[in-house]
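Chemist: Listed here are the chains, written in short residue letters.
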Amino acid sequence: MIIDINFIGLIIASIMASAVPLILASCGELITERSGVLNLGVEGMMIIGAISGFALMTVTGSLIIAIFGAMLAGVLISSIFAFLTQTLITNHVATGLALTIFGIGISAMIGKNFVGIPGKEFPILFESLKDTIPLIGPILFGHSIVFYFAFALPFMTNYFLKKTKIGLIVRAVGDSPVSASNQGIKVRLVRYLCILYGGAMSGLAGAYLSMIYTPQWIENMTGGRGWIALALVVFSTWNPIKILIGAMIFGGLTIIQFHMQAIGVRIPVQFLTALPYIVTIIVLVVISRDSRKIRLSTPSSLGKSFHKDN
Amino acid sequence: MNTNLKISNVTKIYPGCVANDNVSLEFNSGKIYALLGENGAGKSTLVKILSGVIIPDEGEIYLNKNNLKLNSPLDAKKNDIGMVFQHFNLFETLSVFENLIIDSDEQRESLREKIDSIMKKYNFSIDLDIPVLNLSAGQKQKVEIIRCLIRNPKVLIMDEPTSVLTEQETSELFLSLKKFSEEGILIIYITHKLKEVMQLCDEVAVMRRGKLVSVSEIKNENIESLANKMVGQNLKTIKKKKAKTSSDQLIKITNLNFTSEDPFETNLMDINFSVNRGECLGIAGISGNGQSELFQVLSGEIISDKNCIEFNNNYIGDLNPQERREYLMAFSPEDRLEQAAIPQMKIFENVALNNFKSSNFFNNGLINENKIKEHSKKIISDFNVNTDNIELKSQFLSGGNLQKLIIGRELITSPDLLICFNPTWGLDVGAINYIHETLIKINEQNKSIILISTDTDELLKLSDKISVIHKGKLSKIMNAEEVTSEKLGILMGGAN
Numbered sequence: 001m002i003i004d005i006n007f008i009g010l011i012i013a014s015i016m017a018s019a020v021p022l023i024l025a026s027c028g029e030l031i032t033e034r035s036g037v038l039n040l041g042v043e044g045m046m047i048i049g050a051i052s053g054f055a056l057m058t059v060t061g062s063l064i065i066a067i068f069g070a071m072l073a074g075v076l077i078s079s080i081f082a083f084l085t086q087t088l089i090t091n092h093v094a095t096g097l098a099l100t101i102f103g104i105g106i107s108a109m110i111g112k113n114f115v116g117i118p119g120k121e122f123p124i125l126f127e128s129l130k131d132t133i134p135l136i137g138p139i140l141f142g143h144s145i146v147f148y149f150a151f152a153l154p155f156m157t158n159y160f161l162k163k164t165k166i167g168l169i170v171r172a173v174g175d176s177p178v179s180a181s182n183q184g185i186k187v188r189l190v191r192y193l194c195i196l197y198g199g200a201m202s203g204l205a206g207a208y209l210s211m212i213y214t215p216q217w218i219e220n221m222t223g224g225r226g227w228i229a230l231a232l233v234v235f236s237t238w239n240p241i242k243i244l245i246g247a248m249i250f251g252g253l254t255i256i257q258f259h260m261q262a263i264g265v266r267i268p269v270q271f272l273t274a275l276p277y278i279v280t281i282i283v284l285v286v287i288s289r290d291s292r293k294i295r296l297s298t299p300s301s302l303g304k305s306f307h308k309d310n
Numbered sequence: 001m002n003t004n005l006k007i008s009n010v011t012k013i014y015p016g017c018v019a020n021d022n023v024s025l026e027f028n029s030g031k032i033y034a035l036l037g038e039n040g041a042g043k044s045t046l047v048k049i050l051s052g053v054i055i056p057d058e059g060e061i062y063l064n065k066n067n068l069k070l071n072s073p074l075d076a077k078k079n080d081i082g083m084v085f086q087h088f089n090l091f092e093t094l095s096v097f098e099n100l101i102i103d104s105d106e107q108r109e110s111l112r113e114k115i116d117s118i119m120k121k122y123n124f125s126i127d128l129d130i131p132v133l134n135l136s137a138g139q140k141q142k143v144e145i146i147r148c149l150i151r152n153p154k155v156l157i158m159d160e161p162t163s164v165l166t167e168q169e170t171s172e173l174f175l176s177l178k179k180f181s182e183e184g185i186l187i188i189y190i191t192h193k194l195k196e197v198m199q200l201c202d203e204v205a206v207m208r209r210g211k212l213v214s215v216s217e218i219k220n221e222n223i224e225s226l227a228n229k230m231v232g233q234n235l236k237t238i239k240k241k242k243a244k245t246s247s248d249q250l251i252k253i254t255n256l257n258f259t260s261e262d263p264f265e266t267n268l269m270d271i272n273f274s275v276n277r278g279e280c281l282g283i284a285g286i287s288g289n290g291q292s293e294l295f296q297v298l299s300g301e302i303i304s305d306k307n308c309i310e311f312n313n314n315y316i317g318d319l320n321p322q323e324r325r326e327y328l329m330a331f332s333p334e335d336r337l338e339q340a341a342i343p344q345m346k347i348f349e350n351v352a353l354n355n356f357k358s359s360n361f362f363n364n365g366l367i368n369e370n371k372i373k374e375h376s377k378k379i380i381s382d383f384n385v386n387t388d389n390i391e392l393k394s395q396f397l398s399g400g401n402l403q404k405l406i407i408g409r410e411l412i413t414s415p416d417l418l419i420c421f422n423p424t425w426g427l428d429v430g431a432i433n434y435i436h437e438t439l440i441k442i443n444e445q446n447k448s449i450i451l452i453s454t455d456t457d458e459l460l461k462l463s464d465k466i467s468v469i470h471k472g473k474l475s476k477i478m479n480a481e482e483v484t485s486e487k488l489g490i491l492m493g494g495a496n
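Chains as they are written, first to last, in the numbering used here: chain A, 1 to 310; chain B, 1 to 496.
If you are wondering where the hints come from, they were derived from the structure by calculation, not from laboratory data.
Each hint should be verified, as a subset may be incorrect.
Claimed, not checked - Dumping the calculated DMTMM-like pairs for lysine to aspartate or glutamate here, alpha-carbon to alpha-carbon at most 25 Å:
#1 A:Lys-304 - B:Glu-301
#2 B:Lys-120 - B:Asp-80
#3 A:Lys-293 - B:Glu-261
#4 A:Lys-163 - B:Glu-481
#5 B:Lys-441 - B:Glu-391
#6 B:Lys-154 - B:Asp-129
#7 A:Lys-304 - B:Asp-103
#8 B:Lys-219 - B:Glu-265
#9 A:Lys-165 - B:Glu-481
#10 A:Lys-165 - B:Glu-113
#11 A:Lys-162 - B:Asp-416
#12 A:Lys-186 - B:Asp-80
#13 A:Lys-163 - B:Asp-127
#14 A:Lys-293 - B:Glu-113
#15 B:Lys-473 - B:Glu-301
#16 A:Lys-165 - B:Asp-103
#17 B:Lys-69 - B:Glu-92
#18 A:Lys-293 - B:Asp-127
#19 B:Lys-473 - B:Asp-335
#20 B:Lys-179 - B:Glu-169
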């Protein structure tokens with residue numbers, strides 16, 4: 001069997017493409033969690049993003065409106081979560097779960113009219129460069145703008161958290177909201193913004209799925225990616241670079257197990273399907289096992305409500 | 001330049017309690033002021049008002065004749081009022097430098113220079129790039145102080161700053177505070193420790209139940225006069241009668257060793273002692289020398305060799321705390337809210353936790369609530385716990401009331417031996433007095449006490465025999481009359 005070197009390049013590119021929604025949603029959720037808020041509604045926000053993007057694209061015909069509309073939809077649905085948990089001080093876990101159930105339900109309802117409609121082609125960048133360099137060409141070139149944004153995002157997130165003042169404030173709020181408040185930081189405002197940002201990124205991740213990755217609307221099309229994104233945040237110990245690694249492993253194994261099933265490897269299908277979940281978690285646990293580092297990067301106030309007058 | 005801070009007719013009312021009742025005070029720079037009062041006297045509320053954390057219902061604050069509107073901590077900072085809180089306001093997982101830069105508008109490099117010059121000036125040495133959680137309590141406090149100094153404050157408020165410090169760290173702090181004062185910073189020092197007021201301050205304002213009771217110069221006061229003002233009644237000076245020498249041995253520890261797997265714990269080496277009936281054995285030492293391990297071994301949280309502990313002619317070294325209670329031992333651990341009581345549970349539920357055999361708290365696995373409540377009410381009235389609501393969550397009890405509740409819960413079963421660890425830690429004078437009286441009463445009833453404490457005065461007051469623990473080893477056991485606090489100090493430092 002002769003393996004075309006460009007074919008390997010294409011496989012790697014498809015792995016990266018499948019990692020994109022995970023990276024986007026995880027990096028968004030990471031900021032939310034770093035501020036001390038545990039939003040389990042990622043799956044719901046993602047699917048709202050997916051249907052909003054697809055619906056807006058079909059109705060308006062504008063990809064730009066669709067992409068930003070999906071992000072806005074993510075912001076809107078996360079603002080429900082923000083209002084409930086930050087203003088009405090509800091429990092983060094319960095509210096997040098409700099958000100996911102709500103998102104899946106409402107997206108199925110809106111989506112009824114969009115089932116079976118073909119998507120539009122999304123413009124890709126640097127297509128002409130794809131064949132100029134073997135192996136590297138197909139990996140680097142010929143992708144959508146969202147793809148490039150997703151792979152820059154972990155590094156930007158890292159820079160934001162470690163090097164900027166606002167990033168420091170986000171970490172401080174997540175570490176001790178009481179101290180932050182006593183220092184004159186507006187804890188609730190910071191948390192609101194972090195939740196809305198997480199919503200926007202989840203919305204974008206959903207839009208990527210329904211507009212670029214598989215350009216069509218299928219009910220429940222996020223298929224648990226929101227939960228994987230949540231797991232990546234925790235198992236990466238709130239480190240954006242490790243999220244990138246985790247998302248790549250997960251995407252890689254998902255793609256490879258498809259190919260293995262296609263070739264007809266004699267391993268039970270159930271095991272192959274479960275493989276990405278198991279291996280990703282094992283790898284992330286192994287690379288983040290330093291308990292001191294876990295203590296330092298875990299937001300101490302994660303999931304705890306903050307009352308101003310105490 | 002002189003700084004003048006004036007508090008005028010400040011009132012703050014909470015539902016069911018007047019925290020500050022028409023308080024007026026005036027401070028001038030160059031002096032160190034003490035704000036003295038028991039827990040709940042309203043001093044913390046007052047300084048929180050000064051630092052913008054709490055907004056008063058009525059009253060004005062003037063700094064150099066300017067009327068200040070302090071609606072948030074930011075306003076206090078802008079007006080050059082710095083505050084070091086009792087519970088540190090630091091971000092544990094951020095580095096020291098990140099903690100300092102977060103509320104500063106300066107550039108990284110210039111701030112670093114500024115911090116370095118402050119540290120040099122006051123002889124602080126702290127690594128700026130390690131996370132705060134790796135610092136000792138004293139170092140954390142210095143970080144808080146540096147945070148205030150960066151802003152060149154006119155006023156520096158210290159809220160109970162020594163409650164987490166060692167003796168050494170306390171004297172360092174006092175030196176720094178005196179230096180700040182000489183440089184013209186107005187210092188307000190909040191405490192309930194009378195000794196510190198006498199040692200450090202120039203003027204003292206005493207608060208009681210939200211009201212300002214007196215303002216006077218330190219040179220006109222002494223410890224007794226201040227204590228009386230603070231409590232509002234003449235405190236009896238408690239003195240222990242010399243115990244009848246009894247030779248009836250109650251508990252005997254032989255060759256007890258404990259090796260911990262945790263590198264932060266202390267190993268116990270070759271512990272031997274015995275306590276007779278009606279006797280109080282005091283164990284002194286600087287904290288972290290094995291006291292908490294010793295307490296856990298004695299209470300059964302750590303199981304040891306069966307034969308190491310002989311109690312009332314039974315070998316009980318391998319029993320857990322519940323089983324030891326059946327043999328009439330009782331325990332009062334150091335950390336009231338973490339070890340002794342469960343903060344989120346109601347008073348009567350906490351009482352039920354000490355479920356001794358004869359209690360009948362539970363019938364066939366069901367909770368006998370009436371019985372427990374009746375029992376709880378008895379504890380509350382017998383031991384002077386200042387509440388009549390046994391449904392109150394125990395986290396809302398003051399330290400003194402909680403300690404009384406815990407001691408009461410332990411004593412109502414009339415145990416033969418009470419083992420307590422720092423029973424008056426962080427309490428106010430009134431509560432300390434009450435606990436001390438109770439402990440003396442126990443001895444008078446021919447029951448015994450093992451008192452592990454870091455407070456030397458307390459040990460000398462209550463113990464019949466004293467030993468010192470240092471690096472997991474006990475010194476020889478001495479008669480309390482032969483011991484002075486100087487001698488204890490030397491032994492605590494590790495000398496022979």
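Chemist: State for each hint whether it applies.
Modeler: Each hint, compared with the structure:
1. For the hint pairing Lys-304 (chain A) with Glu-301 (chain B), the CA-to-CA distance comes to about 30 Å; that exceeds 25 Å, so the pair is violated.
2. For the suggested pair Lys-120 (chain B) and Asp-80 (chain B), the alpha carbons sit about 22 Å apart, so the restraint of at most 25 Å is met.
3. Simply put, Lys-293 (chain A) and Glu-261 (chain B) have alpha-carbon atoms about 21 Å apart, close enough for the 25 Å limit, and the pair holds.
4. A distance of roughly 62 Å separates the Cα atoms of Lys-163 (chain A) and Glu-481 (chain B); the hinted pair therefore is violated under the 25 Å criterion.
5. Between Lys-441 (chain B) and Glu-391 (chain B), the direct Cα distance comes to roughly 29 Å. Violation of the 25 Å bound is thereby established for this hinted pair.
6. Pair hint Lys-154 (chain B) plus Asp-129 (chain B) does not hold up; C-alpha atoms about 28 Å apart against a cutoff of 25 Å.
7. With a C-alpha separation of about 24 Å, the suggested pair Lys-304 (chain A) and Asp-103 (chain B) falls inside the 25 Å cut-off, and the hint holds.
8. A hinted pair counts as satisfied when its Cα atoms are at most 25 Å apart, and Lys-219 (chain B) with Glu-265 (chain B) does not qualify at roughly 44 Å.
9. For the given pair, Lys-165 (chain A) sits about 61 Å from Glu-481 (chain B) by alpha-carbon distance, which is inconsistent with the 25 Å threshold.
10. Between Lys-165 (chain A) and Glu-113 (chain B) the CA atoms are separated by roughly 19 Å; this keeps the pair inside 25 Å, and the hint holds.
11. A threshold of 25 Å between alpha carbons decides the hint, and for Lys-162 (chain A) with Asp-416 (chain B) the separation of about 58 Å lies outside it, so the pair is violated.
12. For the proposed pair Lys-186 (chain A) and Asp-80 (chain B), the alpha carbon gap of about 20 Å is at most 25 Å, so the pair holds.
13. Proximity of Lys-163 (chain A) to Asp-127 (chain B) is assessed by CA-CA distance (about 19 Å); at most 25 Å being required, the pair is judged to hold.
14. Taking the CA atoms of Lys-293 (chain A) and Glu-113 (chain B), the gap is about 28 Å. The hint is violated against a cut of 25 Å.
15. This hinted pair checks out: Lys-473 (chain B) and Glu-301 (chain B) have alpha carbons roughly 20 Å apart, not beyond 25 Å.
16. Between Lys-165 (chain A) and Asp-103 (chain B) the alpha-carbon distance is near 9 Å, which keeps this suggested pair within the 25 Å criterion.
17. Under the criterion of a C-alpha separation no larger than 25 Å, the hint pairing Lys-69 (chain B) with Glu-92 (chain B) is inconsistent with the structure, at around 31 Å.
18. Between Lys-293 (chain A) and Asp-127 (chain B), the direct Cα distance comes to roughly 18 Å. Compliance with the 25 Å bound is thereby established for this hinted pair.
19. Simply put, Lys-473 (chain B) and Asp-335 (chain B) have alpha-carbon atoms about 23 Å apart, close enough for the 25 Å limit, and the pair holds.
20. As the CA atoms of Lys-179 (chain B) and Glu-169 (chain B) are separated by approximately 15 Å, the hinted pair is consistent with the 25 Å bound.
Violation of the numbered hints given earlier is confined to hints 1, 4, 5, 6, 8, 9, 11, 14, 17; the remaining hints are satisfied by the structure.
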